[in-house]
Structure formats: structure tokens, C-alpha cells
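S.K.: Spelled out from the first residue to the last, the chains are:
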Amino acid sequence: MAAPTVESTGSETTRTQTITIAKGLNMAMRAAMERDPRVMVMGEDIGRLGGVFRVTDGLQKDFGEHRVLDTPLAESGIVGTAIGLAMRGYRPVCEIQFDGFIFPGFDQIVSQLSKMHYRSQGRVKVPVVIRVPFGGGIGAVEHHSESPESLFAHVAGLKVVSCSNPVDAYWMLQQAIDSDDPVLFFEPKRRYWEKAELDPTTPPLSLGSSAVMRPGTTATLATYGPMVKTCLDAANAAEEDGHELEVVDLRSLSPLDLEPVADSVRRTGRLVVVSESPAESSITSEVATRIQQECFYSLEAPVLRVNGFDTPYPPSRLEEGYLPDLDRVLDAVDRSLTY
Amino acid sequence: MSPEHWTRPSRADAHGHADTAPAATSATPTREQVIAGLRATSEGGADLVQLLTPEGQRVTHPDFDIDVSAEQLRGMYRDMVLIRRADREGNALQRQGQLGIWVPLLGQEAAQIGAGRALRPQDMAFPSYREHGVAWCRGVDPTELLGIFRGTDHGSWDPHETGLGLYTIVIGNQCLNATGYAMGQKFDGKVGNSDGDASENEATMVFFGDGATSQGDVHEGMVWASVYDAPVVFFCQNNQWAISEPTERQSRVPLYERARGYGFPGIRVDGNDVLASMAVSQWALDEARHGNGPLLIEAFTYRMDAHTTSDDATRYRMDDELQAWKLKDPVERLRVHLLREELADQDFLDEVEREADELATRFRQFCFDMPEPPPERIFSAVYAEESPVVAAQRDDYLQYLSGFADAGHDTEGSVR
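If you're matching them up, the sequences are chains L and S in order.
Heads up: the first sequence begins at 268 in this note's numbering, then just goes up one per residue.
Heads up: the second sequence begins at 648 in this note's numbering, then just goes up one per residue.
No wet-lab data here; the hints were simulated from the structure.
Among the hints, erroneous ones may be present.
[What the hints assert, rightly or not] Heads up, incomplete: computed chain S residues facing chain L, CB under 8 angstroms, no partners named:
| hint | residue |
| --- | --- |
| 1 | G703 |
| 2 | L813 |
| 3 | N824 |
| 4 | W871 |
| 5 | L969 |
| 6 | S1027 |
| 7 | Y1030 |
| 8 | P1035 |
[Said to hold, decoys possible] Lysine-lysine pairs mimicking DSSO-like chemistry, simulated, CA-CA at most 27 angstroms apart:
| hint | chain 1 | residue 1 | chain 2 | residue 2 |
| --- | --- | --- | --- | --- |
| 9 | S | K973 | L | K392 |
| 10 | L | K496 | L | K462 |
| 11 | L | K462 | L | K328 |
| 12 | L | K328 | S | K837 |
Beta carbons are placed, not taken as given, at the ideal position from N, Cα and C, and that holds for glycine.
Extracted from the complex, chain L is given alone in its bound form (with noise of 0.2 angstroms):
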């Protein structure tokens, strides 16, 4: 079994290629399996018609039947059975269909998955990584849109990350894949066609790091996610108000690196933390909570936050108000500036 390392892979990973996040996930799905034969990955409608949103397009073609294994249609099966497989020697990448759709799963990942290691004492390792299209905007009925990211990121033994562009996509689900510990894998599915420059020979972050995606002095915006994007734009904008918004992608819910965070607030003084999801008990509560502990004396105003409502996701016809955009972060970092 040749050893995880990322270099050796295909050649289509080795130039320099516009991609999109579907790309990117699709790539390292195949960048892994070619790797390691006991990568496989196991979902509904991932083999024959390349998923939902065709991010495993053409990889049952490419790697057969008991390595793409489209699945019966049950999610605590997906995840409860791919716990075996892992147990096996497997490393099985389980995608579930929609956000809304994981709960069936809930009590595999909560209650095996995520304890198995720290029940076995480590004897037992259960890398197992579950991708999840999440988040809202794409005009989708009931269970379609949600963001139940924080549900996970509250339960110990399971690393949360989340991608927002393709450059993280490719690598970080690689990372995923490679990582020993259970892994939940949102992505930003409004975001699945943005395009971005891969070039595979730059070596990318650590899967538990975040990053500054924009510098900045007047503020600083942390993220994760689909508002990556949103919180951009929101700094582009910005700038004609000749404010310097600083942008910090979270990239890992749990556990988060809140350093850079910290470092930037350190200098900017204020933070507005955006996320799509409900806003009480959330991501977003611990980003404001541990930042408030550290920055205290160097905060200018509190810690404001640009959430999702504390409501079910609305019919999509009310998406536009429910999610923030950026009229609404920047409304947050007027209140931040006027404080």
C-alpha cells in the first residue's frame, strides 16, 4: 500500500487548472483512491449518476462498483456500516444527500463514531469522512438549505471543517480523508460552481488551521463556509467607504484556531462574526466567547454577530432575507465602528 503522501498523484493534479469546488472535491476523492486502495466512497445516487450535484461524477466508472457503492437509502446505515468498514481497515468518504437528510445518521455519528476511539482507548480507529452539502440560496424546498454544523462541532471526537473555495476543497478533503480521527465535511453547496486557480504544487495549510483571507485594519470579519464569499464582497465594498476589513476563513468548526482571529482583533479592535446558522449555542457564540476572553482589553466594541435566524429555515421565497448578505455584515460593522 503506497504511504498518503500528496504528491503522488495524476497527472491532471500536477498543472496549474481553473477549477470549481465540485471539481476540487472530485478531484481529491480521486487523488486519495489512487493513493490508497482502502479509500472507497459510499452514498445515495453517488455511482451511477455521479451525485446529486455530480461530485463524484465518473469516479464508480473509473474505480468499480465496491469501491463507489451507491447505497440503500439510509443514512444511519451510511454511516453506521461505513463505522464497520473503517473498523475493517477501511477508509470509507460517506456523502449524505442534503444537509437536512444527516439526522437519521445522528445517533451513529454521535453515539459510535464519535466515541469509538476514546472508548477503545485508541485501539480502535474509525476514519471515517462524512461530506455534507450544506447551507441555503439555492431556492431548495424544506431540509435542503440548513447549516446543522454547530450540532457537530458540540460533540467530542469528531472533527467539523468546512471549505470555501476550490483550492481548500482539493486539499482539504484530501487531508480529511488522510486524517485518522472521524471527519465532517461541509460544503458550501451554493458555492459548488465558483472557480478558482489550483496549482497543485503549492502545499496547502494544515486541515485545523484557519486562514486570513483579506487583510485588513478597521475590522475584522471571522468565517467559514458559503459567507466566505459574502464577507468578500462585503470587504470590496467596504473599501469604497475606505474601511480595510480583515477576513479570517475558519476553515476547521472543530477545533476551531481562533490565533489568527485573536491576532486580528488585536489589531483591528473589533470582530463581527458571520455565519449562516441559527445563532443560538452556535459556532458563532464560541467564536465570540473565546475572543472575548482573549482580546478583552484590546476590544472596542462587543463582539457582534451575523447569524441565520433563530427560526426553521424558511420557504426558499424568504431565503434572501433569512441569510446574511452583505448589506446585513456591513450593518454590523457600522453598529461595531459607531459603538
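Fit chain S to the known structure of chain L by using the hints.
M.R.: Structure of chain S alone, referenced to chain L:
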């Protein structure tokens, strides 16, 4: 009255009154249902596979007969006596305050030893939390179970070394984990080999109870196992009670018949007959190893003690039921058989008793001597790759503890 009638709603008149006698609910079986073999059939019904009668008489079965030597029989008797003794000591240690809880095995020894002795070293077993007899057969010493119930660990044995998964407390979860593991065995090419490789074929056996059959995970496990032809044997110990709820609260049909709906065989075996339990398990595991899995075995048995030491079974079941099942005691049945057929003498029985006494002493002493886990243990092995969050919390907590006046005081054995 046909069985179909029970599942057909009765017509109601304009006032909402049924025009016939109300249909029986599954919780209150009619006489016909009982006669048809759901539960109170203390004999388990006509399909029950039995090789040893409650009176210890060897009988034959057209499909599941088995050749066992006198030595094997004596070995299984020894297994059952020893694990029963450890089980009784576990109960006693809880009553004496040494264990937080104990989960009694009493009455299910034959089902578990029969199944456990049918497993081969390369097979994998996934237990629930009452599988002390299976653990015994996998070479997990009874003392290794104590940590779970004393609260010093969540499972001390190595599943990869022993071929026994850790005890699983959430009901039914392990059925999916076992099915996934069995799929892996198949993907690894360890199923259905003939000739020289046949001895390397593998199977997985998963243990669960009658209550678990209502869980979605058991259903999903059976669906997955069947569509992937996984080499898994579902071993359901129907001990008649899911804490306080009888089997008819879980099912309208005998549990083994459910297998037909998934497209694989289901067998009901006398779970108090160690010989039949082993014969049926051997057959099922062989089928699975040869690629004819999955299969379901319903071991028809009885939980002779409470659900756990925290339970009071007198609140929900009649003592005469227990008395009736005592007449079918799995250990006594084999003892009578061994003596009647002169396959063992009194010296052998005495020797097993002496061994049981030794085990009991060792078991108790091990429990008394168990060290208290250090506070660092709270934080250990949460992740394969250490979490900075957990590491920081550990360091803070240890720092906090070191601030107390008696910091560093040896608390070992303080529970005594």
C-alpha cells in the same frame, strides 16, 4: 381466525363502533395469537430447533444435527458453569457497592456459549452489553468486563486482537457496524473461497435482543446485509423481555420469521440448549463464510434475572413464569445429559465447581484491586490526533487540581 385478520383493521359503524370484536393489539395477544406461537409458547413453537430436551435427553433434528465429542460437551458445560459463576459474582459485587451496575447473563448461557464456540478465531463478533458468555469464548477474561461496570473504563479489551467488538449500549447500533465489517470481509476476498483458501474464510456474528429488533438500525443492518450479500449472522437472543416490555410489544410475528422479508433464512433455536445453539450457529456461520449470508438466528431463551441490578423484575412479570423457565435451565440440562449418558463423572463436576470457586475468588480480588483511573484519563484518546482544545482543558484542569492542599495524595483503592 386467520393470521391476516389480526393485521386487518376492523370495520367501524357510523358511531365508530367496531362491527366485530375489536382487533387484538400486539400488546394483548388473543388466545389464537398465543397458540400460533408468538410468545407464551414456552416451548418456542413447532419450528424450534432442539437437540437436547429440557430433561437432558438427546434428540435428533433432520437439518441441524451435529457430532460432538464427550470432551466438547464437557467443555461447554465448563464454559457455562464458569461464566454463570462470574455473572453471579458480578451481581454480588454490585450489591456490595463494588460495581455501579451489573448486567446479568443468567439463563442465556447456552445461547451465548453455543454461538461463541461456533465462531472461529478469524471471525468477528459484535456484542450488545450482556454478552459475557460470548466474551468468554473470544478469550476475553471476565475480569476484563469489570471496568465497564465499576466505571474505570468503557471497555478494556482490544477488538482487533480478540475478535470481539466493545460492548455497545445504544440498542441496535452494533448491527450496522457489524454489517459494515462483514462487507469489508467480503471486499477483502475472505468469503466464498474454496479449496485451500476455504479455511481462511471469515464471517461476522452480531448479538442483540428482542427489544433491539424494533430499532431502525437492526432493520437497516438487515437491508444492507442482504443487498450486499454480507457474511453476517444476526444472532437475536429473544429473552422474552426488553426491560419490562414483553416480546409482543415488539412484534406481531415470531422474530425469526422477519428474515423472510429481507430475503434470507431465519431459524429459531432453543437458546437454552447449548448443543442446538452451537449446531445452528455453526451452520449459519459456514453459510456466511461460503457466501450464502446473511442469516438470522433467533435464540429462544429467557432472562432469568432482572434487566440489570437497577431493575426490579417483580414489578412486571409473574414468578410462575420464572419457575417454568427454571425447569429448562441451560446448565442443568447439560449436566443431566452428561451424567445420564455417562459422559462425565462426579469428579469432573467437582473439578468444574472448584474451578468456578477459583474464578470467583480471582474475579472478586481483581475488582477490589482495580486502581482508580487518574484524572488525566478523562482527556486521553479523544482523538487520534491530539486536539488543542482538549489538551488545553486537560492542562488547565490538572493545574487547578495541583492547587489543592492534598494534591498528589494517592487515592488508589479509596473506593474500598
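S.K.: Report the numbers of all earlier hints that the structure fails to satisfy, in ascending order.
M.R.: 1, 5 and 9
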